[in-house]
Amino acid sequence: MSRTYNHISVAYSVTGILACIILLLVSFNLSYAVDHPDPNTTGNPRAYVKNYSSYLDADNNTIIIGSVAKSDYQIYPQNVTVGILTYNNITASDEIIAEKPYNTILSKNNEPFPFKFKLNSTIFPLAAEAEPFILKSENVSMPTTKLNTIKLDYPAIPQGKNKELFGNITNTSPVTINNITLFAIVNDRNSIQIDSARTLIPVLKPFEQVQFSFTPDPAIKDRVYFYSCVGGDIDDMKIDEFKIVNISATKILGYKFSALVQIDSMNYNDSSKQFNFAINNIYPYPGSLSVELMPVQNSPISIMMDGSPYQATNLKNTNNKTSIDLSIPKGVHDVAILNIEK
Numbered sequence: 007m008s009r010t011y012n013h014i015s016v017a018y019s020v021t022g023i024l025a026c027i028i029l030l031l032v033s034f035n036l037s038y039a040v041d042h043p044d045p046n047t048t049g050n051p052r053a054y055v056k057n058y059s060s061y062l063d064a065d066n067n068t069i070i071i072g073s074v075a076k077s078d079y080q081i082y083p084q085n086v087t088v089g090i091l092t093y094n095n096i097t098a099s100d101e102i103i104a105e106k107p108y109n110t111i112l113s114k115n116n117e118p119f120p121f122k123f124k125l126n127s128t129i130f131p132l133a134a135e136a137e138p139f140i141l142k143s144e145n146v147s148m149p150t151t152k153l154n155t156i157k158l159d160y161p162a163i164p165q166g167k168n169k170e171l172f173g174n175i176t177n178t179s180p181v182t183i184n185n186i187t188l189f190a191i192v193n194d195r196n197s198i199q200i201d202s203a204r205t206l207i208p209v210l211k212p213f214e215q216v217q218f219s220f221t222p223d224p225a226i227k228d229r230v231y232f233y234s235c236v237g238g239d240i241d242d243m244k245i246d247e248f249k250i251v252n253i254s255a256t257k258i259l260g261y262k263f264s265a266l267v268q269i270d271s272m273n274y275n276d277s278s279k280q281f282n283f284a285i286n287n288i289y290p291y292p293g294s295l296s297v298e299l300m301p302v303q304n305s306p307i308s309i310m311m312d313g314s315p316y317q318a319t320n321l322k323n324t325n326n327k328t329s330i331d332l333s334i335p336k337g338v339h340d341v342a343i344l345n346i347e348k
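Under the working numbering, residue 348 is the last one in the sequence shown; the count climbs by one each step, no gaps.
No wet-lab data here; the hints were simulated from the structure.
A virtual CB, placed ideally from N, CA and C, is assigned to each residue, including glycine.
Possibly wrong hints are sitting among the right ones.
[Stated by the list, open to error] Okay, the calculated beta carbon distance ranges per label pair:
1. K142 / K279: 41 to 51 Å
2. N184 / S219: 45 to 55 Å
3. A162 / E347: 43 to 53 Å
4. G337 / N275: 20 to 30 Å
5. S59 / E347: 13 to 23 Å
6. T187 / D228: 25 to 35 Å
7. I81 / Y231: 29 to 39 Å
8. I102 / N184: 43 to 53 Å
9. S278 / A255: 16 to 26 Å
10. N252 / A284: 41 to 51 Å
11. T176 / A255: 19 to 29 Å
12. M310 / E247: 18 to 28 Å
From just these sequences and the hints, can you work out the full model?
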């Protein structure tokens, strides 16, 4: 009995020591995780794949479609990449394939963005079984300006014999816009996404209206019932570069932002001699708006923000131009530059 008791005592002692070691390791790992958070997701829950499905097109390619959406608690705008893990028949190994959604930045107020993979079913025979996932979801830190100065008019129900959707796009701004990607989610009568559609508008002149169309894949066209989440992404702004607006034959206005900003509208009012911006500063910190008027203003200008006088951080006349720098707080704001000479 005594020997049995001793063995049991030793066993309990060893077990106790191992339990302590495990607890220490768990505590260390938890402490490390708290003290060393992922810099790309801190304070910003990841976006997620909302839904997905697959089909074979006429060329026997595997098409995987779906949409990504923001987290309900998302604070910062995100640059999202969708991935799938599938078997490559040529390399005889698993491979991760990446695709971007049809819009480049997922911000707080965005509707779901569609995505689409097109894979050779001979090379990737198991692709139809792949489950899309968020490969990357990074906070956007680079200054980016997005134009949102377009108006879309369209019915939700397709009109074409191949279930196309036809609509009109109008440039509501006084500047030419290039490289506009329009996109939509294609749904069946049960409101299930069955395809992702997009089209490109290469150039849209100031206040010009043109027609656009979405065409679903022929393999699923008979199931198309309506289109949703129609939107646009304009890849026409360069970092730290002025965009030019012609006020008159002898007066131009240049502007640039140093923040993640969306321009919802802009126009020059000839009768009141003021230039108006409707700006949405998406990032939760102030951003900078720089404006240059050429040639130089002889009469002093004034600034209004959200209907109240606003002080510029910098206002000077130099090199035959008037330079204005403004700090734009987080959120949606109306900015007006008054008394612009033509």
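To see whether the hints hold, each was checked on the structure:
| no. | hint | in the structure |
| --- | --- | --- |
| 1 | K142 / K279: 41 to 51 Å | holds (47 Å) |
| 2 | N184 / S219: 45 to 55 Å | violated (20 Å) |
| 3 | A162 / E347: 43 to 53 Å | holds (46 Å) |
| 4 | G337 / N275: 20 to 30 Å | holds (23 Å) |
| 5 | S59 / E347: 13 to 23 Å | violated (58 Å) |
| 6 | T187 / D228: 25 to 35 Å | holds (27 Å) |
| 7 | I81 / Y231: 29 to 39 Å | holds (36 Å) |
| 8 | I102 / N184: 43 to 53 Å | violated (32 Å) |
| 9 | S278 / A255: 16 to 26 Å | holds (20 Å) |
| 10 | N252 / A284: 41 to 51 Å | violated (20 Å) |
| 11 | T176 / A255: 19 to 29 Å | holds (25 Å) |
| 12 | M310 / E247: 18 to 28 Å | holds (26 Å) |
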